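J.: Residues per chain are reported as follows:
Protein chains: 2
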Amino acid sequence: MPDKIDISKQSVKGFKAAAVAAGLKKGGAPDMALIVSEKEASAAGVFTTNKVKAAPVLLTRKHMKGGRARAIIANAGCANACTGDPGLADAHRTADLVGEALGIQPQRVLVASTGVIGQRLNMGKVEAAILNLKEALTPKGIPLAAEAIMTTDSFSKISSFDGPAENRSYRIAGIAKGAGMIMPNMATMLCFILSDIQIAPDALQEMLSAAAEKTFNRISVDGDTSTNDMVLMMANGMAGNTALGREDQKLFEEGLTGVMENLARMIVKDGEGATKLVDVIINNAASADDALKAARTVANSSLVKTAFYGQDPNWGRIMAALGRADIEMHESQIDIRIDDVQIVSGGLACGMDAEKRAAQIMTRDEFVLSVDLHQGNFRDHVVTSDLTHEYIDINADYRT
Amino acid sequence: MPDKIDISKQSVKGFKAAAVAAGLKKGGAPDMALIVSEKEASAAGVFTTNKVKAAPVLLTRKHMKGGRARAIIANAGCANACTGDPGLADAHRTADLVGEALGIQPQRVLVASTGVIGQRLNMGKVEAAILNLKEALTPKGIPLAAEAIMTTDSFSKISSFDGPAENRSYRIAGIAKGAGMIMPNMATMLCFILSDIQIAPDALQEMLSAAAEKTFNRISVDGDTSTNDMVLMMANGMAGNTALGREDQKLFEEGLTGVMENLARMIVKDGEGATKLVDVIINNAASADDALKAARTVANSSLVKTAFYGQDPNWGRIMAALGRADIEMHESQIDIRIDDVQIVSGGLACGMDAEKRAAQIMTRDEFVLSVDLHQGNFRDHVVTSDLTHEYIDINADYRT
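Listed in order, the protein sequences are those of chains A and B. Each residue of the first sequence is one higher than the one before, starting from 1 at the first, in the numbering used here. Each residue of the second sequence is one higher than the one before, starting from 1001 at the first, in the numbering used here.
Since the hints were derived computationally from the structure, they do not count as laboratory data. Just so you know, not all the hints are guaranteed correct.
[Stated by the list, open to error] Below 35 Å or equal to it, Euclidean Cα-Cα: the simulated DSBU-like pairs (lysine-lysine) are: (1) B:Lys1026 - A:Lys356; (2) A:Lys356 - B:Lys1125; (3) A:Lys65 - B:Lys1025; (4) B:Lys1125 - A:Lys293; (5) A:Lys293 - B:Lys1356; (6) B:Lys1214 - A:Lys293; (7) B:Lys1051 - A:Lys26; (8) B:Lys1293 - A:Lys62; (9) A:Lys269 - B:Lys1293; (10) A:Lys293 - B:Lys1269; (11) B:Lys1051 - A:Lys51; (12) A:Lys51 - B:Lys1125; (13) A:Lys250 - A:Lys356; (14) A:Lys356 - B:Lys1025.
Being a predicted model, the structure only gives us computed values, none of them experimental.
Please work from the sequences and hints to get the whole structure.
T.: So this is what it looks like as structure tokens:
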């Protein structure tokens, strides 16, 4: 499992980063970040499945095809989504400007944006900022980059892992932004992961995809999916390790998954208006698909999420969510627990005493809601938050 | 189209109804209703698709098999859901008691419940109430029944239609309860429709199912589905018409659909905490399935619904919802309108002036959000509400 956050571990060999206030966010906070690898890095990426894809998603997927990258340029304040061909040209121009400033091929530049949908980037501000970013690059810049990509986030998100491989030590450091599974006009979730490990692009892509499936694809704040989501990784090989053995590979994958799991949980914790983090676990489903469908349906139910907020072990809502999840189930075989307190046994209430103890547990910031379907041997989970007044405030008044 | 509500039209030939306070709801409001037909009626029903079905749903589906009924007994305050075999025995006993009181077969009694999930009915109270209900039966009792089945509803819901058939006049009168597509522990949506028309059970069932698909299955408050939903209809033939001709049948179907449409819109209007009623229309989808999927995804999006509440024509959220709806679409072909004001053309913003005019329209209680996908010739719609602070209050604090 990854180490605790440690400011001394927020640099990675051969990487520099910087942040500046380009004037794209209201209020003058830092809103552009640049991350550069000294050497060409193996690159991998996971992108939104939304059919409406922002211009930087289209461009970065193309640049990612070679499996190599040198830099990531990111901005907050403007998603550059639903901006058509002119928006795509802006994304290209951004990569070109970074390429010129650093003396590298624009195809080796990955572009990411987050912010309001449907507005063009102010390219004058972007051009000026890129020159300032180049000047500000420093090995200690990763935490600054984490702050610059924040939108409605209330804290910046960093996690790291140190591991040995073939008698060399390497580091994985990740930063993320996101406060909600999506805010489409703030384009929720960005995650950039850096490592000095030596690894081939194909292997990196495979591990990143698998880890994203276990982590970022298992969180939910409101069930929406952004037009701008992306997870990008660069591994520059400067740890000097040779080809990874089976054990080393396993450890690296665990470390990477751990870093992404930490970041994913931070995103839910910082979910718009969220006051609670809840692990929804489905045990003994008839299939893997059923386990995930059940977990997602319960975790996304507005009624279940408002009950979390109300600290009410309202298991009828959980039963009703399971009943519409389109899974194999029998009401009379369902058990439900809040942490270790069983509130439903064989589809029936365990009584007011159990509910009172469960309500007590639900006053905590974090707890586990587990369901046993008794249909088979498949298990899955989704990490979710509660649905609160502040979510309504943030999202009703966002653009005003 | 159905007539305006008219108190004189709330009786239907050969039907009597009554309501009493049985003590199942907190606060002593009427909470049980009985509706009786003088003659055996053709009966039809539409039931929840939730796999967790309340005891009255299981029983009434069984009693409905013969296509004949004499009475509907309904209670609020207790859903009799997730109560296992004892709960099913309670539902049976309720039908038996009504049968005894009225001197009719218990198989001709339809049972409906709404209220908290997971609690047993107080059968002592139910038994006493049934005797009182019998005494109180009156041809003017339909509006009283409409009030007795309310839970968090803020107004009772009645709609009626008068039509001619074979030189006889007949009436359709419907009552409904529901304030939310679901509140699982209040078991949302009940609708009882009465008519004195003469019609065979099979034909009635076909028309009722078709009308439910166009009306109750096209509304959404929070995307959840209740364990107790049911639409029941009895037609007792006392209008004295002979077999319906093609035109008569068409008119009856239109009248029935109109009554159900009125009731469905009242349910959305009374949606938990709702301040706005929005018709989400999808035009020119590639398939019927796509049209409905797109309408449902937009209408259920928490982000779109909070933007309605904020009176913000935040079309980026609509584009993002369409993009994850799993339909055939091309971003560059999408047009979006609020009433007659176009805010998106070919996937791009129509500008701030259009958005200002749209924001002005969104201050109204009702408006239309229409999307043109330009992919084919299929159209569908869903009626939805906004997502507000009051929804959170009602659902977070419901059981406390």
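J.: Indicate, hint by hint, whether the structure satisfies it.
T.: For each hint, the structure was consulted:
1. With a C-alpha separation of about 21 Å, the suggested pairing of B:Lys1026 with A:Lys356 holds against the 35 Å cut-off.
2. For the suggested pair A:Lys356 and B:Lys1125, the alpha carbons sit about 27 Å apart, so the restraint of at most 35 Å is met.
3. Only pairs whose Cα atoms come within 35 Å are accepted, and A:Lys65 paired with B:Lys1025 is rejected, the gap being roughly 63 Å.
4. Our distance criterion of 35 Å between C-alpha atoms is broken by B:Lys1125 and A:Lys293, whose separation comes to about 40 Å.
5. For the hint pairing A:Lys293 with B:Lys1356, the CA-to-CA distance comes to about 40 Å; that exceeds 35 Å, so the pair is violated.
6. Restraint check for B:Lys1214 and A:Lys293: satisfied, since their Cα atoms lie roughly 27 Å apart, inside the 35 Å limit.
7. At roughly 49 Å between alpha-carbon atoms, B:Lys1051 and A:Lys26 are farther apart than 35 Å, so this suggested pair is violated.
8. Pair hint B:Lys1293 plus A:Lys62 holds up; C-alpha atoms about 30 Å apart against a cutoff of 35 Å.
9. The hinted pair formed by A:Lys269 and B:Lys1293 meets the criterion: a straight-line CA distance of about 31 Å does not exceed 35 Å.
10. Of the supplied pair hints, the one linking A:Lys293 and B:Lys1269 holds, its CA atoms being roughly 31 Å apart against a limit of 35 Å.
11. With a C-alpha separation of about 32 Å, the suggested pair B:Lys1051 and A:Lys51 falls inside the 35 Å cut-off, and the hint holds.
12. A distance of roughly 56 Å separates the Cα atoms of A:Lys51 and B:Lys1125; the hinted pair therefore is violated under the 35 Å criterion.
13. Distance check on the hinted pair: A:Lys250 and A:Lys356 sit about 43 Å apart at the alpha-carbon level, beyond 35 Å; violated.
14. At most 35 Å may separate the alpha-carbon atoms for a hinted pair to count; A:Lys356 and B:Lys1025 meet this at roughly 22 Å.
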